[in-house]
Amino acid sequence: MRLLYGGRNSLEIGFVATAITMILATLTGGVAGYFRGPVDSVLARVLDLIWAFPVVLLGIALGTSLALGGINLGLFTLSGNSLLVPAVIIGFVYIPYVAKPVRGQVLALREREFVDAARLQGLGTVRILWSEVLPNLASTLIVFVPLMIANAILLEAGLSYLGAGVQPPNPSWGTMIADGIALLPSAIHLTLVPGAMLVLAVLGINVFGDGVRDALDPHSPIRLGH
Amino acid sequence: MARFIVRRSISTVVVLIAISIVTFLIFEAIPNGDPAARLAGRTSTPETVAAIRHTWGFDKPIYDQYLLTMKNVFTGKVISYTQQVNVLDQIKEGLPATLSLAIGAGIIWLFAGILLGVVAAARAGGFTDRALTAVAMIGVSTPVFLLGALMLYFLAYKLSWFPNGGYVPLTSNPGEWLYHMILPWLALSALFIGIYSRVLRSNVLDTMSEDFVRTARAKGLTERRILFRHVLRNSVIPIAALWGLDFAAVVGGGAILTESVFNLHGVGQYAAQSIGALDVPPVLVIVMFGSFFVVLLSAVTDVVMAFLDPRIKLL
Numbered sequence: 001m002r003l004l005y006g007g008r009n010s011l012e013i014g015f016v017a018t019a020i021t022m023i024l025a026t027l028t029g030g031v032a033g034y035f036r037g038p039v040d041s042v043l044a045r046v047l048d049l050i051w052a053f054p055v056v057l058l059g060i061a062l063g064t065s066l067a068l069g070g071i072n073l074g075l076f077t078l079s080g081n082s083l084l085v086p087a088v089i090i091g092f093v094y095i096p097y098v099a100k101p102v103r104g105q106v107l108a109l110r111e112r113e114f115v116d117a118a119r120l121q122g123l124g125t126v127r128i129l130w131s132e133v134l135p136n137l138a139s140t141l142i143v144f145v146p147l148m149i150a151n152a153i154l155l156e157a158g159l160s161y162l163g164a165g166v167q168p169p170n171p172s173w174g175t176m177i178a179d180g181i182a183l184l185p186s187a188i189h190l191t192l193v194p195g196a197m198l199v200l201a202v203l204g205i206n207v208f209g210d211g212v213r214d215a216l217d218p219h220s221p222i223r224l225g226h
Numbered sequence: 001m002a003r004f005i006v007r008r009s010i011s012t013v014v015v016l017i018a019i020s021i022v023t024f025l026i027f028e029a030i031p032n033g034d035p036a037a038r039l040a041g042r043t044s045t046p047e048t049v050a051a052i053r054h055t056w057g058f059d060k061p062i063y064d065q066y067l068l069t070m071k072n073v074f075t076g077k078v079i080s081y082t083q084q085v086n087v088l089d090q091i092k093e094g095l096p097a098t099l100s101l102a103i104g105a106g107i108i109w110l111f112a113g114i115l116l117g118v119v120a121a122a123r124a125g126g127f128t129d130r131a132l133t134a135v136a137m138i139g140v141s142t143p144v145f146l147l148g149a150l151m152l153y154f155l156a157y158k159l160s161w162f163p164n165g166g167y168v169p170l171t172s173n174p175g176e177w178l179y180h181m182i183l184p185w186l187a188l189s190a191l192f193i194g195i196y197s198r199v200l201r202s203n204v205l206d207t208m209s210e211d212f213v214r215t216a217r218a219k220g221l222t223e224r225r226i227l228f229r230h231v232l233r234n235s236v237i238p239i240a241a242l243w244g245l246d247f248a249a250v251v252g253g254g255a256i257l258t259e260s261v262f263n264l265h266g267v268g269q270y271a272a273q274s275i276g277a278l279d280v281p282p283v284l285v286i287v288m289f290g291s292f293f294v295v296l297l298s299a300v301t302d303v304v305m306a307f308l309d310p311r312i313k314l315l
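One line per chain: the protein sequences are A and B, in this order. This note's numbering puts the first residue of the first sequence at 1, with every later residue one more than the last. This note's numbering puts the first residue of the second sequence at 1, with every later residue one more than the last.
Quick caveat, the hints were computed from the structure, so don't treat them as lab data. Backbone N, C-alpha and C define an ideal beta-carbon position, used for all residues, glycine too. There could be a bad hint or two in this list.
Stated by the list, open to error - Which stretches of chain B does chain A cover? Using the computed rule of at least three CB atoms under 8 Å from a CB of chain A, they are: (1) 16 to 26; (2) 137 to 151; (3) 229 to 240; (4) 255 to 262.
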C-alpha cells in the first residue's frame with residue numbers, strides 16, 4: 001500500500017517539476033531569444049549561473065534549507081514537509097537544460113518571414129510570442145517533456161536518498177529505497193521492490209520519450225541530464 | 001584565441017562570485033539555522049551564545065559576514081561551524097578519492113560508450129542493436145545509488161567478490177585501491193555509458209548518410225575503413241564535448257550519491273554531511289570548487305572542440 005502511495009508521490013513530483021521547468025524555461029528562453037540585447041544578456045547569465053551549479057549539490061542545498069524553513073514567497077506559502085518543495089526545487093534546477101535550446105530556437109524563429117508579417121500586421125509582442133513563436137516550439141518542448149519527467153523522478157530519488165527530498169512521514173520511491181538500503185543485509189526486498197518500481201516507471205517514460213522523439217524529429221540527439 | 005581566454009576568464013570570475021553569493025544566501029535564509037546556537041552546544045546560556053555570535057562575527061550585517069568568509073576562503077583559513085576544523089584540509093583529504101572515482105569512471109564510460117555505440121550503429125536494426133538499446137535504456141533509468149547498493153549487496157555481501165565499500169589511497173596500496181574502486185566506477189559509469197552509446201549511435205547513423213561517406217564508398221573503401229576512418233572521426237566530436245561537461249559535473253559534486261553509497265569519504269560525501277549539518281563554510285567552498293571545475297572544463301571543451309572541428313569558431 002505504501003508502495004502505491006510512494007509511487008503517487010514520486011510521479012506527482014516528476015510531473016509537477018516538469019511542468020514548472022517547462023513553463024519557466026519556455027518563458028525565459030522565449031523572452032531572452034525574442035528580445036535579445038540586454039534582456040537576453042541578463043537572462044543568459046542567470047541561466048549560466050544555475051547551469052554552473054552542480055545539479056545535485058544545488059538540489060540538496062535548497063532541499064535541506066527549505067525542508068527546515070518552507071517557502072514563503074508572499075503569494076503562496078509551503079511548509080517544509082510539503083510534497084511540492086522537492087517538486088519546486090527539481091523544476092528549478094532543470095530550467096537551463098530546456099531554456100537554452102528554446103532560446104536558440106527562438107533566436108532563429110524571430111528572423112523568419114511569418115514573424116515579420118505578424119509584426120507588420122501590428123500584432124503585440126505577447127500575441128506574436130503566443131500565437132506565432134510558441135506553436136513552432138511545440139515539437140522541441142514535447143520531446144523534452146518525457147525526458148524531464150524521467151530525470152525529475154531520478155533526481156527526486158537521489159535527493160530523498162540523501163535526506164533532502166520528500167520528508168517523512170510522506171513516502172516516495174526514493175525514500176523507500178533509502179530506508180531499504182539502510183536495512184540492507186537483512187531485508188533485500190525492501191530495496192528491490194521500490195527499486196524495481198522506480199526503474200520500471202522511469203524506463204517506461206524513457207522508452208515512450210524515445211518513441212516520441214523518433215516520431216517528431218529523427219535528427220536531434222538530445223542531451224540527457226544526470 | 002587570446003580574446004577567448006580573456007573573455008572566459010572574466011566570465012568565470014563573475015560566475016564564481018555570483019555563485020558564492022547565492023550559496024551564502026540560501027543558507028542565510030534558513031530560519032532556525034542560527035550557527036551561533038549550534039556552535040555553543042545544547043547546554044549553553046544566552047550569554048555564551050551572544051559571545052560566540054560576537055567572536056565569529058554573526059552579529060555583523062550579512063555583507064560583512066560574506067566578505068569575511070570569502071577573505072578566509074582565499075587565505076585558506078575557513079573553519080567549519082560544526083567540527084571547527086579547517087575546511088580546505090578536509091577537502092584536500094577527500095580529493096584523491098573523488099578524483100580516483102571521476103577519472104576512472106570517466107575513462108570507462110567514454111570508451112565503453114563509444115564501443116557500444118559503434119557496435120549498435122554497425123548492426124543498426126538487428127538483434128544486437130535492440131539488445132544494446134534495451135541495456136542502455138535500463139542504465140539510463142536506474143538511479144546510481146540503487147545500482148550501487150544492489151552491487152554491494154550481491155557482489156560484495158553475498159558473493160564476497162569485492163570489498164564492502166571504503167577507499168584505500170593509491171599511494172598506500174595500488175592493488176587494494178583498484179580492488180576498492182571497481183564497483184564504484186562501474187556504478188557511476190552505467191548511466192553515462194547508456195547516454196553516450198545512444199548519442200554516438202545516432203551520430204554515426206546521421207554521418208553515414210553524408211556525401212563524403214558515399215564518396216568513400218565509391219572509391220571502393222571497405223565498410224570497416226569507412227566506419228573507423230571517416231564516420232567515427234566525425235561522430236566522436238560531440239561525444240568529446242559531452243564528456244568534458246559530464247566529467248566536470250562529476251568532479252564538482254555530481255558523484256555525491258556514488259561516494260555516499262560506497263562510503264568513499266570523497267569531497268561529495270563531505271558536502272552531503274556538511275549540508276545535513278547546515279554547515280555553511282564547507283558547502284560554500286565545495287560548491288565554488290565544483291562550479292569552478294564546470295566553468296573551467298566547459299572552456300577547455302570549447303577549445304578542444306575547435307581543435308577537433310575547424311568549422312567551429314571560438315567566440
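Consistency of the hints with the structure:
With 5 residues having a Cβ less than 8 Å from any Cβ of chain A, the stretch 16 to 26 of chain B passes the three-residue criterion, so the hint holds. Coverage of the stretch 137 to 151 of chain B by chain A holds in this model, with 11 residues showing a Cβ closer than 8 Å to a Cβ of that chain against a need of three. Using a Cβ-Cβ cut-off of 8 Å, 1 residues of the stretch 229 to 240 of chain B lie near chain A, which falls short of the minimum of three, so the contact claim is violated. By the rule of at least three residues with a Cβ nearer than 8 Å to a Cβ of chain A, the coverage given for the stretch 255 to 262 of chain B holds, with 4 such residues.
Hint violations for this structure: number 3 only, all remaining hints satisfied.
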